[in-house]
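Engineer: So the chains spell out like this:
Number of protein chains: 2
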Amino acid sequence: MEPAIKFIGKIQSALKNIEDCPLQGAENAPEVTIIISPEFIEGIKDLAAGQEVLLLTWLHLADRTVIKCYPWHNYDAPFMGVFSTRSPDRPNPIGVHPVKILSVSANGIIKVSGLEALDQTPVIDIKPVLKK
Amino acid sequence: MEPAIKFIGKIQSALKNIEDCPLQGAENAPEVTIIISPEFIEGIKDLAAGQEVLLLTWLHLADRTVIKCYPWHNYDAPFMGVFSTRSPDRPNPIGVHPVKILSVSANGIIKVSGLEALDQTPVIDIKPVLKK
Chain A
69 MEPAIKFIGK
79 IQSALKNIED
89 CPLQGAENAP
99 EVTIIISPEF
109 IEGIKDLAAG
119 QEVLLLTWLH
129 LADRTVIKCY
139 PWHNYDAPFM
149 GVFSTRSPDR
159 PNPIGVHPVK
169 ILSVSANGII
179 KVSGLEALDQ
189 TPVIDIKPVL
199 KK
Chain B
69 MEPAIKFIGK
79 IQSALKNIED
89 CPLQGAENAP
99 EVTIIISPEF
109 IEGIKDLAAG
119 QEVLLLTWLH
129 LADRTVIKCY
139 PWHNYDAPFM
149 GVFSTRSPDR
159 PNPIGVHPVK
169 ILSVSANGII
179 KVSGLEALDQ
189 TPVIDIKPVL
199 KK
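Protein sequences, first through last, are from chains A and B.
Here the first sequence is numbered in our numbering, starting from 69 and rising by one per residue.
Here the second sequence is numbered in our numbering, starting from 69 and rising by one per residue.
No wet-lab data here; the hints were simulated from the structure.
Computed from a predicted model, the values in this text were never measured in an experiment.
Yeah, the Cβ is synthetic: ideal placement off N, Cα and C, and Gly gets one too.
One or more of the hints may lead you astray.
[Unchecked claim] Below 25 angstroms or equal to it, Euclidean Cα-Cα: the simulated PhoX-like pairs (lysine-lysine) are: (1) A/K136 / B/K168; (2) B/K195 / A/K136; (3) B/K195 / A/K78; (4) A/K195 / A/K113; (5) B/K136 / A/K74.
[Unchecked claim] Only some residues are given here: those of chain A computed to face chain B with a beta carbon under 10 angstroms: (6) P71; (7) K74; (8) F75; (9) I109; (10) D114; (11) V121; (12) L124; (13) W126; (14) V150; (15) R158; (16) P190.
[Stated by the list, open to error] To give an idea of the chain A side of the interface with chain B (calculated C-beta under 8 angstroms), a few residues: (17) I76; (18) P159; (19) I192; (20) D193.
Extracted from the complex, chain A is given alone in its bound form (with noise of 0.2 angstroms):
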């Protein structure tokens, strides 16, 4: 029996629509605001401006259907294996996204930097950035 996803929070961005999102990562993607759900607030108290965290949220309009697909934006290229892309649409549409915290509020809203995902998006989690 596979479990369920918890979504504890959600996004607040100025891209309402997929055709509004830059291409990848940062490159002029706007600030964001996730409002933290009530139960998941105390989880985040220790979070504070400044410091560089990875955010997952959950790619709620991916086809969790495809196991193949184009590269982004390159249709005459041959289909690739999903799992060697960044497609938001594959069997688990988590995004990974590398950002700097701006504010946190003690009622659950954080301010972070630029991050290309659609408003409304679920947050799944946050965690400190990878070690290397």
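Fit chain B to the given chain A structure using the hints.
Structural biologist: Relative to the frame of chain A, chain B by itself:
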């Protein structure tokens, strides 16, 4: 309605118990084998030895009710918000592991470099590494 995760494969590792786990990431962690389930094998056809990828796992033994916890192995420290830690005990116990592919076989067996994950841990995604 919150969606279910799909397991795309599982890990075979010499780490059979939590007590066997190295403290963080690659430090002394053993090579592991990933067994991709038949229905997802087409998705790995473009993975190859030498590639660096981000492996996402579902830490299936985690306590998903944890919102605050001790920093890892530091029981004198104050409780921290879980989203400032890499504790496996968290609402969505997703492991994010940068690894190097050592080999890939046509029947869905991938060997990767050092990784801190228990034997039988479900695999949920493989992505190209993050660009900085």
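Engineer: Now, for every hint given, state plainly whether the structure supports it.
Structural biologist: Each hint tested on the structure:
1. A distance of roughly 22 angstroms separates the Cα atoms of A/K136 and B/K168; the hinted pair therefore holds under the 25 angstroms criterion.
2. Of the supplied pair hints, the one linking B/K195 and A/K136 holds, its CA atoms being roughly 13 angstroms apart against a limit of 25 angstroms.
3. Straight-line distance between C-alpha atoms of B/K195 and A/K78 comes to about 23 angstroms, which keeps the hinted pair within the 25 angstroms bound.
4. Note on A/K195 and A/K113: the hinted pairing holds, with a Cα-Cα distance of about 13 angstroms set against a maximum of 25 angstroms.
5. Between B/K136 and A/K74, the direct Cα distance comes to roughly 16 angstroms. Compliance with the 25 angstroms bound is thereby established for this hinted pair.
6. Checking A/P71 against chain B: minimum C-beta separation of about 6 angstroms stays under 10 angstroms; hint holds.
7. The criterion of a C-beta within 10 angstroms of any C-beta in chain B is met by A/K74, whose closest approach is roughly 5 angstroms, and the hint holds.
8. Taken as an interface hint, A/F75 checks out: its beta carbon lies about 6 angstroms from the nearest beta carbon of chain B, inside 10 angstroms.
9. Restraint check, A/I109 versus chain B: the minimum CB separation of about 9 angstroms is within 10 angstroms; hint holds.
10. Hint status for A/D114: holds, given a least beta-carbon distance of 4 angstroms to chain B, under 10 angstroms.
11. For A/V121, the interface hint holds, the least distance from its beta-carbon to any beta-carbon of chain B being 8 angstroms, beneath 10 angstroms.
12. Against a cut-off of 10 angstroms between C-beta atoms, the interface hint on A/L124 holds, since the closest Cβ of chain B lies about 6 angstroms away.
13. The restraint placing A/W126 at the interface with chain B holds, with a minimum CB-CB distance near 7 angstroms, inside the 10 angstroms limit.
14. Annotation: A/V150 was flagged as interfacial toward chain B, and the flag holds, the nearest CB pair being 5 angstroms apart, inside 10 angstroms.
15. With a least beta-carbon distance of about 7 angstroms to chain B, the hint placing A/R158 at the interface is held under the 10 angstroms criterion.
16. Among the interface hints, the one on A/P190 holds; its C-beta lies about 8 angstroms from the nearest C-beta in chain B, closer than the 10 angstroms criterion.
17. Checking A/I76 against chain B: minimum C-beta separation of about 6 angstroms stays under 8 angstroms; hint holds.
18. Hint status for A/P159: holds, given a least beta-carbon distance of 5 angstroms to chain B, under 8 angstroms.
19. Taking 8 angstroms as the C-beta contact cut-off toward chain B, the hint placing A/I192 at the interface holds, the least distance being around 5 angstroms.
20. The interface hint given for A/D193 is met, as the beta carbon of that residue sits about 5 angstroms from the closest beta carbon of chain B, less than 8 angstroms.
When each numbered hint is compared with the structure, no violation occurs for any of them.
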